[in-house]
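*Asks:* If you want the building blocks of each chain, they are given just below.
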Amino acid sequence: MTSSVTGLSPPGTGTAAPVPPPRRGSRIDPLLGVIGIAGLVVVAELFPRTGLVDSRYLPPISAMLAELGRQAAEPAFWSALGSTLLGWGTGLAIALVAGTAVGIVIGTTAMLRAVTSSTIEFLRPIPSVALIPLAVLMFGTDMRSTLLLVVYAAFWQVLVQVLYGVADVDPVARETARSYRFRPWTRVRTVVWPTALPYVMTGFRLAAAVALILEVTGELIIGSPGLGREIAVAQSSGAVEVMYALVLVTGAIGVLVNLGARLVERRALRWHPSVRREVAA
Amino acid sequence: MTGALRSTLRVLGLPLVLVAIWWIATAGSSNFYWPSLQSILTAFPGTWFEGRFGQDVLPSMGRLLVGYTLALVIGIGAGIAIGSFRRLRLLLEPALEFFRALPPPILVPIIILFAGIGDGMKVVVIVSGALWPVLLNTVEGVRGVDEVQRDTARVYRLRPLTRLRRLILPAASPQIAAGARQSLSIAIILMVISEMFAASNGLGFTIVQFQRQFAIPEMWSGIILLGLIGVLLSMIFRLVESRALAWYDGARRADREKG
Numbered sequence: 001m002t003s004s005v006t007g008l009s010p011p012g013t014g015t016a017a018p019v020p021p022p023r024r025g026s027r028i029d030p031l032l033g034v035i036g037i038a039g040l041v042v043v044a045e046l047f048p049r050t051g052l053v054d055s056r057y058l059p060p061i062s063a064m065l066a067e068l069g070r071q072a073a074e075p076a077f078w079s080a081l082g083s084t085l086l087g088w089g090t091g092l093a094i095a096l097v098a099g100t101a102v103g104i105v106i107g108t109t110a111m112l113r114a115v116t117s118s119t120i121e122f123l124r125p126i127p128s129v130a131l132i133p134l135a136v137l138m139f140g141t142d143m144r145s146t147l148l149l150v151v152y153a154a155f156w157q158v159l160v161q162v163l164y165g166v167a168d169v170d171p172v173a174r175e176t177a178r179s180y181r182f183r184p185w186t187r188v189r190t191v192v193w194p195t196a197l198p199y200v201m202t203g204f205r206l207a208a209a210v211a212l213i214l215e216v217t218g219e220l221i222i223g224s225p226g227l228g229r230e231i232a233v234a235q236s237s238g239a240v241e242v243m244y245a246l247v248l249v250t251g252a253i254g255v256l257v258n259l260g261a262r263l264v265e266r267r268a269l270r271w272h273p274s275v276r277r278e279v280a281a
Numbered sequence: 001m002t003g004a005l006r007s008t009l010r011v012l013g014l015p016l017v018l019v020a021i022w023w024i025a026t027a028g029s030s031n032f033y034w035p036s037l038q039s040i041l042t043a044f045p046g047t048w049f050e051g052r053f054g055q056d057v058l059p060s061m062g063r064l065l066v067g068y069t070l071a072l073v074i075g076i077g078a079g080i081a082i083g084s085f086r087r088l089r090l091l092l093e094p095a096l097e098f099f100r101a102l103p104p105p106i107l108v109p110i111i112i113l114f115a116g117i118g119d120g121m122k123v124v125v126i127v128s129g130a131l132w133p134v135l136l137n138t139v140e141g142v143r144g145v146d147e148v149q150r151d152t153a154r155v156y157r158l159r160p161l162t163r164l165r166r167l168i169l170p171a172a173s174p175q176i177a178a179g180a181r182q183s184l185s186i187a188i189i190l191m192v193i194s195e196m197f198a199a200s201n202g203l204g205f206t207i208v209q210f211q212r213q214f215a216i217p218e219m220w221s222g223i224i225l226l227g228l229i230g231v232l233l234s235m236i237f238r239l240v241e242s243r244a245l246a247w248y249d250g251a252r253r254a255d256r257e258k259g
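Line order of the protein sequences matches chains X and P. Heads up, the first sequence is in the UniProt record's numbering, so the first residue is 1 and it goes up one at a time. Heads up, the second sequence is in the UniProt record's numbering, so the first residue is 1 and it goes up one at a time.
Excised from the complex, chain X in its bound form (with noise of 0.2 Å):
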C-alpha cells in the first residue's frame, strides 16, 4: 500500500528524490532490523508471559507458532491457504488485463478521455466493500463472491495508473507514428505501451497489495472460503491462538505478495532508465 511515489516511481509522480548516498555506516547498522525484529519477538513473548498482557487476549508468540506448526499438518489450513491465492490471483489477473485494455482503449481516443473522466473520477472513491450486500446477494457465500470485490478494487487502481501513463506518451513520437501512419496496433505497442509500462507496473504493485486486503475482507464478512473466513471461525469459537497464528500467515503473505511485486517490477522494467540508475549508484 505503499504510494507511487516510494519504490519505483514514473516520472513526474512527485518528488521522488534519489536515496541519500550511505554515509558514515557503522558495522552494527545491517543488524539493526533483525534487533528491530528480535525486540519485538520478545516483547511479545514477555508481556502475556509475565501478566502485562492478558494472555487470554494475547498468547506468547512461542504459542502462536506452536500453534501455526499444529495447524501446517492440517490439510483445512492448506485448502485454505490454496482459495486465498487463488482468490487473489485470479482477481488481480482479471483486473489487470482489463484495466490495462481499457486504459489504453480510453488514453488512446482523445474523445473517450474526455467524455469519462468525471464518471470515472466518480465510480473510482466509491469504497469497494458498499458492494458486499449486492455480492452476498448475486453468489452467496461462494467465491465468485470475493471475487467481485477484489477485482472492482483492483480495476480502478490499475486503469487510473495505465491512463496516466499513456497520457504520458511523448508528442513527438506520437506525431511521428502517424505521420508514418503505423497501424493502431502497431503504434500501441511500440509506441504507448513502453512509455505506460512504468505506469502499468506501479498500477500492479498497488493492485497487487489492495487485491490481497479485499480478499481477506470477503473471507472475513462474506465467508467465502480462505484464510480470512478461518480467522472469524478462530475468533467467534474463542481460538485465540489459531486465530493469532493465521493472522500471522496473512501478514508473511502481504510480505510476499509486496517483495514479489517489486521485484517483478524490477525485471519488467530492467531496461528503464529508474531502475539501470538506481543499479549503477
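Hints listed in this document are in silico derivations from the structure and should not be mistaken for laboratory results. Mixed in with the good hints, there may be bad ones.
If you anchor each label on the Cβ, the simulated ranges turn out as follows [stated by the list, open to error]:
no., chain 1, residue 1, chain 2, residue 2, range
1, P, Ala254, X, Pro273, 34 to 42 Å
2, P, Ala115, X, Ser117, 14 to 22 Å
3, X, Arg276, P, Pro94, 21 to 29 Å
Not close to chain P: a few residues of chain X, all C-beta gaps over 12 Å, as computed [said to hold, decoys possible]:
no., residue
4, Phe77
5, Ala98
6, Trp193
7, Pro194
8, Val275
As the structure is a computational prediction, the values presented were derived from the model and not from experiment. Beta carbons are placed, not taken as given, at the ideal position from N, Cα and C, and that holds for glycine.
Following the hints, position chain P against chain X.
*Replies:* Showing chain P alone in chain X's frame:
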C-alpha cells in the same frame, strides 16, 4: 458560450447516459435483486433522512473522523521521528514492513478481543489500518528533503522546531498528502467493515441488516449513499490538498515549462 456548454456536456454527458440506461433497463423490473432505479430513489429519503441520519450516518462519520485524524497525527508524528533518525529507521523498517503488509481488516477480530465491540474498537480499527500509508510516506518524504537545504538549515543553526516547521514539513508535504489520500480510502473501508463485523448501529451495520431482511431497495439506497460519501470525502480532500499544496503545483508547472 458553446465552449461552456460543450464542457458541461462532457462532464455530465456519460453519467447521465449511464443513469438513464440504469433507469430504463430496470424500469418495471420484476427481478427481486435488481429493483427499478425509481423504487430505489423513492426509498432513499425515507430510509436515510428519517431518524437514521442521526442514528447511523452521523455515528459512522464521527468514528471515521476521529479515527482518521488520529491516524494522521500519529502517522505524521512517528513518520517525522523515524525519517529523521537513520538508526531508528533501520531498527524499525522490517517490523513496519510486516505491519504494513498485514491486510488491515484481519485485525478486526484481534481488536475486538482487546476493545470489545464499542465505538473505541471501531476507532482503533480505523487507526490501525489508515496509519501505515501516511506513516510510510512521511518517512519517505522526510528522507527525501534536499541535502543542501538540510545542511543550510544546520549551518544557520535553526532550532529544531523552526527547522521542522520551515523545512521538513513543507518539503515532505506532497508525499504526506499522497499518503493521507490513501489513508482516507482505507479509513472509509475499515469504518464500513468494522460495522459490518460487529455493531449495533452505523452505515455498514444497517446496510447488512437490510440485505438480511431482503429489503432490497433500501439496501441499494445504502450502497448509493456509501458511494456518495466516498465521492464527497475525496472531493473535500482534493480541495484541501490543492489549497495546501498550491505552491507545490505552481512550482512543478514552472519546472515543466522551463524544461
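*Asks:* All hints, please: hold or fail.
*Replies:* Hint-by-hint comparison with the structure:
no.: 1; hint: Ala254(P) / Pro273(X): 34 to 42 Å; result: violated, 24 Å
no.: 2; hint: Ala115(P) / Ser117(X): 14 to 22 Å; result: violated, 42 Å
no.: 3; hint: Arg276(X) / Pro94(P): 21 to 29 Å; result: holds, 27 Å
no.: 4; hint: Phe77; result: holds, 15 Å
no.: 5; hint: Ala98; result: holds, 18 Å
no.: 6; hint: Trp193; result: holds, 24 Å
no.: 7; hint: Pro194; result: holds, 21 Å
no.: 8; hint: Val275; result: holds, 18 Å
Of the numbered hints stated above, those contradicted by the structure are hints 1, 2, listed in ascending order.
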